[in-house]
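Asker: For reference, the chains in residue letters:
2 protein chains.
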Amino acid sequence: MNRNHVKLTPLVESLPATIPFVGPEALERMRGNQPFDLRMGANESAFGVSPLAAEAMRKAIERSAWYGDPEGYELREAVAALHGVSMDEVCLAGGIDELLGLTVRMFVEPGEPVVTSLGAYPTFNYHVEGYGAALHRVPYRDDHIDLQALTETAHQLQAKLVFLANPDNPMGTWHDADAVQTFIQALPPCTTLILDEAYIEFAPSSTHIPIDPNQPQVIRMRTFSKAHGMAGMRIGYAIAHRDLIVGYNKIRNHFGLTRVSLTGALASLQDTDFITHVASQVDIGRREYYALAEHLGLASIPSATNFVAIDLGENGDRARAALKALEGHGVFVRMPGVAPMDRCIRVTVGLPEERARFAEVFATVLKTL
Amino acid sequence: MNRNHVKLTPLVESLPATIPFVGPEALERMRGNQPFDLRMGANESAFGVSPLAAEAMRKAIERSAWYGDPEGYELREAVAALHGVSMDEVCLAGGIDELLGLTVRMFVEPGEPVVTSLGAYPTFNYHVEGYGAALHRVPYRDDHIDLQALTETAHQLQAKLVFLANPDNPMGTWHDADAVQTFIQALPPCTTLILDEAYIEFAPSSTHIPIDPNQPQVIRMRTFSKAHGMAGMRIGYAIAHRDLIVGYNKIRNHFGLTRVSLTGALASLQDTDFITHVASQVDIGRREYYALAEHLGLASIPSATNFVAIDLGENGDRARAALKALEGHGVFVRMPGVAPMDRCIRVTVGLPEERARFAEVFATVLKTL
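Those sequence lines, one after another, are chains L and E. In terms of my numbering, the first sequence opens at residue 469 and continues consecutively. In terms of my numbering, the second sequence opens at residue 469 and continues consecutively.
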């Protein structure tokens, strides 16, 4: 190609052609189009979507020729009521992934410092790098996000943004509300905290921090992808100070959400019994995974999410080998990307029969390592 | 709010809090939550979605807990086959709106020149301004995009991007393939053309330019929002040189599309009979609108889209009054934003019974102006 005359921005040219995750479908294609028997690698909900939401979505398809409401009025109203905030303190978007991109764009100029944890959510890093900001990664401590180190680094660098997932992905660990509140108080004035609570519905109540959009330094992010079982519908929201919501509205793709997703999310919010049910099923599944690990002579990491990290010991090689072997048996799981967490594999809680099947395959695989 | 310590980027702070379009739902809320009887203002397809696509989407809802394939492999494969290009020359996104944002981000740094037409698609302008580029607007000539003026301005400014919708929105006019090819040849080497073909399925075949991704200066954009009747599902694609697709892949939201939209678009592409049917129904509807206008002593603008601009004469005041009066009668239409096109209202082709109702209301309204 004669590209002398068609130039992308230097920033985009400079970006690597890497992507945050290779999807399970791509892995299936690499396996010669063999679908996985067990899809336990993306923390998708095995318990599906609320029947109310499914019905609402099926009905919404009749009107799929119409754009969704760009203001997402009804859903923002419901979200606001749920959390006791104002509609003007809520921004909808295509899941936390999209919110992260918008947030980076809103706060950070090229070269400015941003802090996250080494091994934390790759899609945040993708957006930080995509906007040319300077990403600093703080190591985990004992499989937990190291709040103190995050604070110190934020101060040192005078960071514009800090990312914290609580509960955490990929380890499933969490910090109690008190610890996070102390952390927030200790942030430098120049820093805004992205508090990613994708897994909050699975966490003990001691993890829940009151939502206060008047606290201008904190952006809370929630999603319908996990407990609500709507990962495939791409919808989530941020709660933040209304001035920040004005900022999102200046740059977001106003007609970006599908009509079906908006409708489904609204219905799912009403079905609180379903979410309670999913959370309790996930808790049963986690305990099963802990017991399975113990039975197999392995440690597991207590989790406040819908997945469990199982510790295969030694260094990452053993977990990588297990991942590969599991894949060979038709089981899709993932693992943390960096040491020392990469001694673990990360397994999403499946349905009871899926967990039984996983237990069987995993025991077989372990013998071959 | 004490915002001394939480600062957005100067660019985002400087952006106005305006949005490209106020949606019909917001207008309904302003009317005291009275739904419109006729929704003919957003060029949504009155003919809905293909029954095959609707069925595929209903079925896909069963798996809405699973993320869609971030590579959109099957849909890209089908798009590539349809247009005789390679999969690596196709980028999927949440409609042309999202593609426009990605394209601006990919090509333009703050202050760099971009050219469009005065009165053309506002969402493109929104993204250009959102990334801080310098937007230059070239007036229409005789209700058509002025290709020669676009070329001249692109040369003068050494523009990075030029935007051309063919057929055009909001006027519905079009340029034949030959004219557009000549225009492309005449662009300066530094300029990339965004060729927005959202309405191409409604256009005469003389409008269709061969798709050649080896022509690195042209990005073709297509959508499922119009003829495919899937505006509410937010899905479209760009066809471009593979190096540009690599660029999109460096910055796009990889898990951004819903599983249901991907599935529906794939099914809709198969249902070519349906699209042919929709296009022929739209043609009948356009002719009805031309005849209606003539019957009412008004001119109309021949259209290659699913809407017709009806000329109310004089200046924009008369069209604005008509818009207002129509809204009072429960009819949602839009109108071009700038003179001299703002002498028109823009009416989407409805179903036969909707067109009959529109004819009735419009005749009534005209008497009151």
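Be aware that one or more of the hints could be misleading.
Said to hold, decoys possible - Here are some, though not all, of the chain L residues that point toward chain E, as calculated from beta-carbon distances under 7 Å: (1) Gly-516; (2) Leu-520; (3) Gly-536; (4) Ser-674; (5) His-722; (6) Phe-723; (7) Val-728.
None of these hints come from the bench; they were simulated from the model. Beta carbons: idealized from backbone N, C-alpha and C, even for Gly.
Asker: Sort out which numbered hints this structure fails and list those numbers smallest first.
Answerer: 2, 4
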